[in-house]
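Listed here are the chains, written in short residue letters.
2 protein chains.
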Amino acid sequence: DAEINGSDFDLASIYVSDAQYNRNIYFDTSPQAVRLYLRYNHWLPQVLLYVFILVDLSLALFEEPAVFALPTWATMLVELLCLIVFTIRLIHYAKVIPRDKFWKDPKNICIIVILGLTMVDMIIYGALKASNCRAVRWSRVLRPLLLVNVTEGRQLRRAFRSIRNALPQIFYVFLLFMFSLLIFSLMALKLLGKRGLKTIDGAPYFTNYLEIVFDLYVLVTTANSPDVMMPAYNASTGFAIFFILYILINTYIFMSVFLAVVYNNYKKYLKEEVRQLVRAKRHKMVRAFAVLQEQREEGGEPVVSQANWNQLVRLVQPDLSNAHRELLWSVSDDTNQGCIGKVAFVQLADLLNIEVITLKSRPHPLQGVCPAFYLSAPSRLLCQLVQHRAFVIVYDLIILVNAVFIGLDEENPLISNSEWVFLALYLLEILLKLYVFEPRAFFSRHSFWNWFDTIIVVAALIATIINSAMKSSGDYTSRQILDIVFILRVLRLIRVVDSIKRFRTIINTLIRIGPAILTFGQLIIVVYYIFAMVGMEIFKGKVKFYEADSSDPAKAYCGNPSLKGTPFAQLNYCKNNFNDVVSSFVLLVELTVVNQCSGFTLVTHVSARIYFVLFHIVVPPFITIIVTIRPQLHIFVAFVLEAFFVEYSVEKSDLQTSLEKKIEELELAVAQEKLEDNLVNAMETIDSDQGTGQSANSKPGLMFKIASKRYRTVDALLQRMFEADLDPEDFAETDDPAAPTSGNFSNPAFSSA
Amino acid sequence: DAEINGSDFDLASIYVSDAQYNRNIYFDTSPQAVRLYLRYNHWLPQVLLYVFILVDLSLALFEEPAVFALPTWATMLVELLCLIVFTIRLIHYAKVIPRDKFWKDPKNICIIVILGLTMVDMIIYGALKASNCRAVRWSRVLRPLLLVNVTEGRQLRRAFRSIRNALPQIFYVFLLFMFSLLIFSLMALKLLGKRGLKTIDGAPYFTNYLEIVFDLYVLVTTANSPDVMMPAYNASTGFAIFFILYILINTYIFMSVFLAVVYNNYKKYLKEEVRQLVRAKRHKMVRAFAVLQEQREEGGEPVVSQANWNQLVRLVQPDLSNAHRELLWSVSDDTNQGCIGKVAFVQLADLLNIEVITLKSRPHPLQGVCPAFYLSAPSRLLCQLVQHRAFVIVYDLIILVNAVFIGLDEENPLISNSEWVFLALYLLEILLKLYVFEPRAFFSRHSFWNWFDTIIVVAALIATIINSAMKSSGDYTSRQILDIVFILRVLRLIRVVDSIKRFRTIINTLIRIGPAILTFGQLIIVVYYIFAMVGMEIFKGKVKFYEADSSDPAKAYCGNPSLKGTPFAQLNYCKNNFNDVVSSFVLLVELTVVNQCSGFTLVTHVSARIYFVLFHIVVPPFITIIVTIRPQLHIFVAFVLEAFFVEYSVEKSDLQTSLEKKIEELELAVAQEKLEDNLVNAMETIDSDQGTGQSANSKPGLMFKIASKRYRTVDALLQRMFEADLDPEDFAETDDPAAPTSGNFSNPAFSSA
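Protein chains in written order, with full-length UniProt numbering: chain A, 1 to 753; chain B, 1 to 753.
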């Protein structure tokens, strides 16, 4: 026991926390490097790093073409500061891991290259600006890549990698699609080119091969349907067959196959990544075990004592309650031996990732202050009333009536005054609930709807009061305040969803797969940012937007004579431009929905189409092709689909089941209904600081509930998704294939580790 | 043995063939009913039935509003004839199955109701027409339902059933989507309604709640993006957030969840259907076994002798070659006992469904006629040249050069004459191949590309000759002939695909899942037909199309003053109308791609939107909602995806593997490369009429190849799709759960069956 000192615990806790969060950093194991590594993983530098990346990315708002113009020296100074922060972070990282590992990692090389290029670009740009030459800040395109590489964006990098690996397979389908496109275009040229047909603008129809290829490509995206077909269809009904066949083959059948191949490959590589992840996790836990292990008896298997285990868990997760830790120990040490073997120890990382809600039963504070009143018959009756099903139904009806009132004209005084009534009713509901339920339980971390209700109602109350105060003090009404009031009122209606069980299931599932969806959100931001930077350089100032009250004659053609009389100007699309980063982002979202580019090829050159086709091909699934029905979102859809199935199904992982069994065994389970009503009426208890496996039994006031389907990390969700597909060997020992995977004390070969 | 007579064989063969094709008809087992049933399943009445359904459906071409007008009495006479045919078929069916079964089947009731309603409608319509009143042939909507119910459209009915069963689950997600739509609309009304904004037409923007709901619904289909957002976006950039949020939540996240739930449920019910199918198949085979079984030894297991088995298979599939039948027997009777038990017998239905290509090795006919010449050194060299890889590459290059020439202007005499050169080259290729390969092998049933090549080249030759003949005899050139020539020329280029292995894999996969896709094609036809009939009644004649040379001023507004100055008329969409069934179908395809209805609500009433929204919701996945990215095709995409995975993967079913093993054991396997080159150079042999398991061994000239991934029936593909998911019990005995599922002679409990 004496051999295990403080730095050993530091080392073991790093291994465990790396396993828990799936960090794959090969740090030095010298005590000095371990301390540095602990500092590297501290939340403060990580948050700071994210802040500086955000600052770096948002510089685009202030740089030419700017939303809020700042002098060049100011933005460049801020960027220099960001670069220094990134460099410091990188140096810190270099000190943590062995030198050869550092230079072998392409991630680090990538960061160094980006930092170098950005510096070079800034110097050139500054010099050119100083000599009044035209200069382009091309290194801005590289900024989002820092988001991918500097941060611990494992999910992001993994998504990139999976997409890259799936590329070759996908490329063949893409080629076949291109072949089909070219063949159809050739046929269209031969059939329609010589008929002297005209498009709606009077231009010759289908006479230029490249134009045809582009038009038919756009038809796959359905953006120019049915316009592209009308001249031919008007000439002869028979040509409709050509276009219907084209849409059937290229838009529907082909793109389905495309989706199939993309999805299949993407999933395959993601599965391989997850398999490696599980192996790496196990490996780290085995190392942690090797640090803490001790020999209980001569020739016996090495074990970790409960005291050491407790100290380790306290280091890894200081915020874990003692009772929760004891529960985890009793799951690991199933047979009450006071120590656990390697197999049980290795589970720790996964056990820590299962979110267990600890409910402390406290009496209502009013009961403490004035028990005679709170426990009186009328008070008890009130409590029963509020907890009754009818209470929920009454309030659902009130919300529905409120919805009708919101829809009516709010300038009618009756309607606008009724708002006060509804606000009072909602406030009353919250106060009643606070009277009945213990406030800390009511506002616990997992009571999403309680928080939602209270914030919305209180905010609406404040906004409404400000609004009427402004109204009564002079006739001035702030449009902004009024907008906020309206939004809050409408948001309140969402509460109805929570009352219908099926709806709640769907919404909860969505909330749970949120983090996974956010990963793809980041991916989209990276691609959008790059395209916005490039688009701004190419198209900035080509299309101008004039305010509604402007009388400039150029307003009719967006300030660009090339757009005179074009649909782009006629439909008033002038604000769809690349003149600043916000407009660019809005425009890119529009392009994601329907890819239209006619306006921009007119103001620049036909070849500008390349930009739009590229965007159409590249967006979210990144380089993953996909020219489909709504191509850019296929991988996204596929992922949501997969994650949704896993979440929607009732199955639980083995580990969760065993944890739940233990909770039930210890009679600490919270009945489902009880938890949902936040009904905690038992007496308060004090956490004991130390205890054996049995001690938890003596705490009837403390209850556990597994938030069974909530995952701390996206990795855990991914692992669940592929659990059925993974080989059992991935979970087993890699260094000892004969070892059984369940039960403690059964691995005699491990003393050598 | 003597107990088994002819009618027993008839009965057993019906059971087997019902199992093979998954027919689920509970026919009487009396010899008379069996004979009627055999006639019912004959191909001639079945084909006739399909012809009459086709005639019935195509009547829409000749009825008001007609493409080719026929007098009412003519179409009604034809329809009457069709009804009589359907009635006869139904009576035949009623004679085959027990009376109580007939009246319990909703399918039959459905047919009787449709026939009755159609008769009533025809009488009313005739009477009204005779008295010159306005009459509507409403029963035309019912016609496609006959396609579903009269024919043995099992796949179609199964798809309908699966969709119907999945409805309740899907309904909840749809409700939640509607709730979200209503909430967003309310917010839009409150935020934008009072700002006095105008749309591009000068109409007030977002002031009417129902209009907003409809506009935002259309935004989900992305059809009116970005127009619907522009007025708000032009007023303030901040409103872009509202629309982006809306698109993100409703178009992307929500619809992904939608797809997930629809797909999950659809798959679940389809799986259940397939499970029942497998059970029913097994049950039928057990009955067939019970008819033919005999007791070899006292107390032993009942078996079927080889002679009886042979006679049965000959009855079930008369076109099966003797060698093929012997192969199947040797797979069933693995241990050469001369008889097989129940377990081996039950496999027969699946064995018959595995397509085995029998290659008979024949010498080239020229070798027979003139062996000295054909086997001479130059002739052999030529054969080697043609079979060389370079030959394929040379011809691929020729095709590419040809593609460039096609793209060039064909009025240039050099170009138009070059066509003769290319034609000659292609003809030469075919002749050379015919010289090298045995013609019957070259034109075998499975040589898709050989057939394709020959037909295209010969047709192009004929068309080109006709074309130049017409050209030289006077300057008249038929546009039709020229079009055909062009199409054939371009189609020839597709051949390149066959040379690249990866492309071939993809194309072959597509061809293989074709039948399954066609099932969904039928489903779409049913829905389109119903919508076309309704649409024609509502919208016929409201929008008129004028030929290009017409000088009628009404041409500018499609003959309907309500359309004056609308985008519909400006974009020349007049031919998109419901004036006849062909136009309706083309328009419905356009609506499937992009659902636009502005023109039609103008010429009738705003409530006409209901028709278009309904179409958007209902199409292919039928009632299956789905208001998605490209909603109508989701189930289709999902199905293609699933089928594609199964086909694309290399795994084979167990039965196929055992059949292949047997073929290899008997040394009759064709090497993969050999088959692909159609290289059959061995000597011809004569089929022996009878033989033992070993007799196949003495036929070195006969080779087998499993067309391993081709399925005779869609059911077989479905069974494959869910093979991994089905319980082993589904394949096992239902009446004897303890029976092993593999190996012969192992089921002692079966003598009681």
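Hints are supplied without guarantee of correctness; some may be wrong.
For chains that are exact copies, the list does not tell them apart, and a pair is met inside one copy or across any two.
[Unchecked claim] EDC-like cross-link-like pairs, simulated, lysine to aspartate or glutamate; straight-line CA separation at most 20 Å:
1) K194 / E211
2) K107 / E410
3) K194 / E410
4) K95 / D334
5) K129 / D549
6) K194 / E419
7) K107 / D498
8) K190 / E410
9) K540 / E211
10) K190 / D215
11) K564 / D201
12) K95 / E273
13) K194 / D215
14) K433 / D498
15) K194 / D319
16) K540 / E294
17) K104 / E211
Just so you know, the hints here were simulated from the structure itself, not pulled from any lab data.
Hint check results:
Taking identical chains as interchangeable, the C-alpha atoms of K194 and E211 lie at most 20 Å apart only when both belong to the same chain, with a minimum of 15 Å there against 45 Å between chains. In this homomeric assembly, K107 and E410 never come within 20 Å of each other (Cα to Cα): the closest approach is 57 Å inside a single copy and 56 Å across copies. Taking the shortest Cα distances, K194 and E410 sit within 20 Å of each other only across copies (10 Å), while inside one copy they are farther apart (62 Å). Taking CA atoms no more than 20 Å apart as the test, K95 paired with D334 passes in neither setting, with 41 Å inside one copy and 69 Å between copies.
Proximity of K129 and D549 under a CA criterion of 20 Å is satisfied in neither setting, with 35 Å inside one chain copy and 62 Å between copies. For a Cα distance limit of 20 Å, the shortest separation of K194 from E419 across copies, 18 Å, qualifies, whereas the shortest one inside one copy, 69 Å, does not. Neither within a single protomer nor between protomers do K107 and D498 lie at most 20 Å apart by alpha-carbon distance, with minima of 45 Å and 42 Å respectively. In this homomeric assembly, K190 and E410 come within 20 Å of each other (Cα to Cα) only across copies, at 9 Å, whereas the closest approach inside a single copy is 63 Å.
Taking the shortest alpha-carbon separations for K540 and E211, neither the intra-copy value of 26 Å nor the inter-copy value of 36 Å comes in at or below 20 Å. In this assembly of identical chains, the alpha carbons of K190 and D215 lie at most 20 Å apart only when taken from the same copy (15 Å versus 40 Å across copies). For a Cα distance limit of 20 Å, the shortest separation of K564 from D201 qualifies both inside one copy, at 13 Å, and across copies, at 18 Å. Taking the shortest alpha-carbon separations for K95 and E273, neither the intra-copy value of 27 Å nor the inter-copy value of 62 Å comes in at or below 20 Å.
Proximity of K194 and D215 under a CA criterion of 20 Å is satisfied intra-copy only: 17 Å inside one chain copy versus 41 Å between copies. Taking CA atoms no more than 20 Å apart as the test, K433 paired with D498 passes inside one copy only; the shortest distance there is 16 Å, against 72 Å between copies. When the C-alpha separation of K194 and D319 is checked against a cutoff of 20 Å, the pair qualifies neither within a copy, at 78 Å, nor between copies, at 51 Å. Within a single copy, K540 and E294 get their C-alpha atoms no closer than 68 Å, and across copies no closer than 89 Å, so neither meets the 20 Å cut-off.
With identical chains, the CA atoms of K104 and E211 are never at most 20 Å apart, being 47 Å at best within one copy and 61 Å at best between copies.
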